[in-house]
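K.L.:
As you go down the protein sequences, you meet chains A and B in turn. Straight run, no breaks: the first sequence in the numbering used here ends on number 1746. Straight run, no breaks: the second sequence in the numbering used here ends on number 1746.
Honestly, the hints are just simulated from the structure, not real lab data. These numbers come from a predicted model, not from an experiment. There is no bait here: all hints are sound.
Every beta carbon over 10 angstroms from chain B, so not counted as near; a handful from chain A, in silico:
(1) K1336
(2) T1352
(3) G1439
(4) P1441
(5) M1486
(6) S1490
(7) Y1584
(8) S1610
(9) G1720
In silico lysine to aspartate or glutamate, EDC-like type, Cα no more than 16 angstroms apart, as pairs:
(10) A:K1686 x B:E1357
(11) A:K1686 x A:D1696
(12) B:K1663 x B:E1673
(13) A:K1686 x A:E1671
(14) B:K1686 x A:E1357
(15) A:K1686 x A:E1673
For every residue, glycine included, the Cβ atom is placed at its ideal position computed from N, Cα and C.
Okay, here's what each chain looks like letter by letter:
There are 2 protein chains.
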Amino acid sequence: MESFSSEADYLEVLSKRAELPEGFQVSTGRLTFVPQERPTQEPYRMNLALLLADEPTDCFAGVFTRNAFPGAPVLMARERMRERLLRGILVNNKISNVCTATGVEDAEQLLRKLSPLVGVPSLELLSASTGIIGWSLPVPEMVSALPALVSGLHRGPADDFARAIMTTDSFPKARSVRVGEGTILAIAKGAGMIEPNMATMLVFIMTDVRVSRDDAQAALTDVAGRTFNRISVDSDQSTSDMAVLLSSGRKGSVSSEAFSSALYDVCRQLSEDIIRNGEGTGHVMRVRVSGMLDETVATAAAKAIVNSPLVKTAIYGNDPNVGRIVSSLGDYAGNSGIAVDRKRLSIRLGEWEVFSNGVFHLDRTKEVDLSSYLQDVAMNPRVKGYPQHDRCVTIEVDFGLGQATSEVLGSDLSHEYVQENADYRT
Amino acid sequence: MESFSSEADYLEVLSKRAELPEGFQVSTGRLTFVPQERPTQEPYRMNLALLLADEPTDCFAGVFTRNAFPGAPVLMARERMRERLLRGILVNNKISNVCTATGVEDAEQLLRKLSPLVGVPSLELLSASTGIIGWSLPVPEMVSALPALVSGLHRGPADDFARAIMTTDSFPKARSVRVGEGTILAIAKGAGMIEPNMATMLVFIMTDVRVSRDDAQAALTDVAGRTFNRISVDSDQSTSDMAVLLSSGRKGSVSSEAFSSALYDVCRQLSEDIIRNGEGTGHVMRVRVSGMLDETVATAAAKAIVNSPLVKTAIYGNDPNVGRIVSSLGDYAGNSGIAVDRKRLSIRLGEWEVFSNGVFHLDRTKEVDLSSYLQDVAMNPRVKGYPQHDRCVTIEVDFGLGQATSEVLGSDLSHEYVQENADYRT
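Build out the structure end to end from the sequences listed, making use of the hints.
P.N.:
Dropping the structure here:
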């Protein structure tokens, strides 16, 4: 078993090992600019990142934010998902290109300038952006940086790409799994608490195995629903969330089941990395809800717990305030018209049963044990195993009503979260 | 115009002026106890408060939490709302009496012990509790404190009652309005950020004017929907929220319209006091949504803004991050399937239009002005006028789709909130 000095070290190593699948290249670049919208003494810095398949592919898929005011990159990518071929993605951080007067025009202009440099029609290229909402892209400065970006295209490890798309992420996030003769590589910038200023998640998935385009889209939609849509930090869904998948098909076909299963594995690992990312995160909450009539309701109940500010602050303070867990569940059920029965409800925090048969089971000893459990979790920054989750508090809820289950990951609510978000834009 | 040294001073003075309507008495008491559930070096302190009408009244009303796991006092009060007569309410802080094995039994026992001391059948008495969820009431200690509580019953100002039901409230909250020949007095302990450890709101309303019981209930239900249900601090609805109204009828009848209008005035003032309460609250947000197709949706959209952690932290940091306002609205609309049109949306922050015709209108000057506005609001602890709101940031959203409007008040998300909630129970 390998040993790592810290969680950050562990994920750094993972991202370095995550090699590009066959048939892909990436590159990264950097530029400075002065935003039109804000006075500043120092210019802002922006990263660019480029992902390019060697050949155009007709096997690609995407899922996008449900936010009703999506950014220009989301609007454009949704359109391009209807095209026959796709080949690459240009990503920038710092400005998310949302709801400006010239947002789509700006991004299209960038892709048109990139097009001759890579010999790819601009309709086969996507734009992806993350950062401040409402500001305009510095198009001239970005265009000037494109030639150097293109000349840096390379194969091999993708950790530079994973690093370039970061904003306040504390480490790059890339995961790779084997499937058939090839691999699936997924790279993310994270959302919410661990990326609190954005609440934007961008995920780029490359594979060299071949499935049908319909199967790829179906697998991505299904897997995103069971992985990325089951992490929540601050319940804010961004204008810019997207996950895009491209296949080079170089390593032959796999069954849709094998593909879907491998895609689930890699996306689940990546979504756990996202929630674990932030230095400000004192505890990760893993909430398992079972005994519900359907999975949608089970997921919503689990999210009610991880999104409750009162639960989140208690967990942050190592206070096993299980009353707030029951209150958040009751709030959700009562306001959603979900019929629940207190007598059938049971709740475990860590190893300890704290609620069953309609009442709390708390006493002096258990309160002390639970406090110690929360403290131990928070004080445990070591990652020895592979894979292993530290700083993870388990909350298990059984409604005793049916067979459906769901698991959601969330973060506690810390001073660091408030600090990072109180004036992000300076 | 009167002048006050601070907001706290202002509300203290208000609560002292709030006299009991004719036909009511109140009293307060105090006790210490060691909770069964938690080891502690120091005993805990609990306040009792008693409210008693001189005669049983058949004119009363109540609204209660929609939480699916309500506390024993809520379960009991819902039952008693069906009785013919009501006469008084016994309130305690510190422990909310929710989901314990003997919760209803404990509260019934207390009321049975109180019954002979006040000469009132226990079915005409309500119990109300606020505090830690999951712990048991210290019944013997509470029973011992009842005789002194009853002997302290008095008329006149109710500020001692308003103070006794506080938990971490920074000042007592009581408001009185005139209607017909009499008055309506409403007293609250607050919810959410300003009462973050509880997220419980208790409201007690007394009046000496007479309306029919049906009109009283209809007015309370309607008014609560337009006042208490339009403030939100942390989106957590407690297991114990209740608002109860009793009329002594001593000062004759008023029309249901006059009653409803006066009840709205007093409840609106009180709900604003609740949201303004906390020392940890840097800014109050007043969000006005207009141009929606119906009021329910307008209210939900306004709540999406005041409950967004990213909006709340930005406002706390005096950062006019209006992108997060658009994102929170888009998140709500997109996930609720509400059809909106970006081109018709307009948003104002303070005096400044920041979004219209589908795009942001931001520039260097406006960003500076907006930052100054937020800073000025936060730095303004003076209350000179009567009434006046300080520390209040105005956000106006017009969807341009219909005639419905709604206004919601919320709090920012501060370090003090995290601090108060991280280990409330010690």
